[in-house]
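Using the sequences and the hints given, assemble the complete structure.
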Amino acid sequence: MATFHFDLVSPEKLAFSGEVDQVDIPGLEGDFGVLAGHAPVVAAVRPGILTITAGGAHQKMVVLGGLAEVSDNRLTVLADVATSIQEVDRAQFSETIAEMEENLKEKEGSELDHEIERLDHFKSIEHILNATAMH
Amino acid sequence: MASLKDMRVRIASTKATQKITKAMQMVAASKLRRAQTAAEAARPYADKMGAVIGNIASAAAGSPGAPALLAGTGKDQVHLLLVCTGERGLCGAFNSAIVRLAREHALSLLGQGKEVKFFCVGRKGYEQLRRLFERQIVEHIDLRAVRQLGFVNAEDIAKKVLARFDAGEFDVCTLFYSQFKSVIAQIPTAQQVIPLVVETPAGNGGAATAYEYEPEEDEILTRLLPRNLAVQVFRALLENNASFYGAQMSAMDNATRNAGEMIRKQTLVYNRTRQAMITKELIEIISGAEAV
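Protein chains in written order, with our numbering: chain A, 1 to 135; chain B, 1 to 292.
The set of hints was computed from the structure by calculation and includes no laboratory data. Worth double-checking, as some hints may not be accurate.
Cut-off 25 Å, straight-line C-alpha distance, at most; resulting in silico cross-link-like pairs (DSS-like, lysine-lysine) [as the list claims (entries may be wrong)]: (1) A:LYS13 - B:LYS31; (2) B:LYS160 - A:LYS107; (3) A:LYS13 - B:LYS159; (4) B:LYS159 - A:LYS105.
Right, dumping it as structure tokens:
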């Protein structure tokens with residue numbers, strides 16, 4: 001299977017770099033998968049789970065928003081935060097969610113909508129996290 | 001003339017100072033390594049971000065609907081100087097070099113009849129700028145309590161700058177920091193961040209790849225530009241941090257060497273004086289014995 005180069009970078013580190021078969025990205029307007037030879041695209045990324053498939057193995061990463069860019073048979077994801085799913089601190093994550101719910105009360109108008117949307121994304125990540133924890 | 005005991009005390013105190021500067025040098029060296037790795041780890045993100053923005057912005061810059069962060073407010077009357085310096089001294093000319101650059105920039109702007117405002121990050125720059133521009137400093141952030149620089153710190157600063165920009169408090173924002181070249185070379189740098197100066201993507205002959213955008217181009221741009229500011233600030237902070245330890249390391253290395261030189265000189269004088277006293281005493285004894 002044809003492979004392509006994938007970089008997952010966050011401001012603090014290069015979280016992943018290498019040849020991969022497929023990457024599934026949680027796009028702002030819906031999930032999409034990238035295979036080798038994908039058309040050039042720039043897409044916003046919502047907080048969610050990003051799946052990297054390389055050599056038959058899957059690796060899941062939690063990304064908290066960012067931007068994906070495909071060009072010249074390479075994919076770059078600029079993530080605000082990128083952590084591998086094993087390394088995510090679940091307790092801290094739920095704490096963040098609780099904090100966001102708390103802050104929600106002070107927001108209004110379009111900002112409120114925006115925050116609610118973001119909270120939903122976070123909650124769905126938490127759901128997946130808890131689902132994987134049970135296995 | 002100082003007695004032998006006084007001299008011994010002086011030598012001992014110089015030695016103690018040398019030990020301190022030596023320790024500081026070694027601490028700076030180990031911290032420098034960490035700061036340097038952090039700065040290098042942040043580089044790919046900043047570079048990629050720059051490339052993506054360059055691609056989108058060069059397409060969007062001409063359009064009338066371009067966001068103000070990219071196109072500017074149409075004026076350049078009020079300038080905000082975002083000056084990032086260290087929190088501590090004992091690092092040679094590191095802080096003063098940044099402040100000097102910012103000050104010269106400010107004075108030349110004032111000379112052109114523009115208005116200047118300061119946003120200080122770091123205690124040292126604030127203290128130095130306060131002497132000259134007390135009233136122009138609109139905000140001051142202290143990062144002394146921060147142990148490990150994180151992206152959140154940069155985001156905080158960027159948010160404050162953006163709030164002021166949205167309130168129409170300034171038209172142009174320039175970032176001042178020290179670029180880390182090597183342990184002995186840190187270059188104070190001025191970088192205009194608002195409106196963004198887009199570097200045309202080099203290498204691909206000008207014709208940027210035709211991208212599909214999801215969501216629309218301008219929506220991505222409005223998300224990206226504030227983020228880019230935070231990224232630039234973050235990079236500046238990290239570069240600054242690495243530069244600071246580099247400067248401190250070489251300053252402390254100098255101090256250690258000077259202390260060594262001083263100890264050598266003082267020991268020489270001490271030994272000479274001691275020898276002179278011994279000779280004097282011998283002469284006294286001998287001449288006393290001869291007189292008998």
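Violations among the numbered hints: Hint check: nothing fails, all pass.
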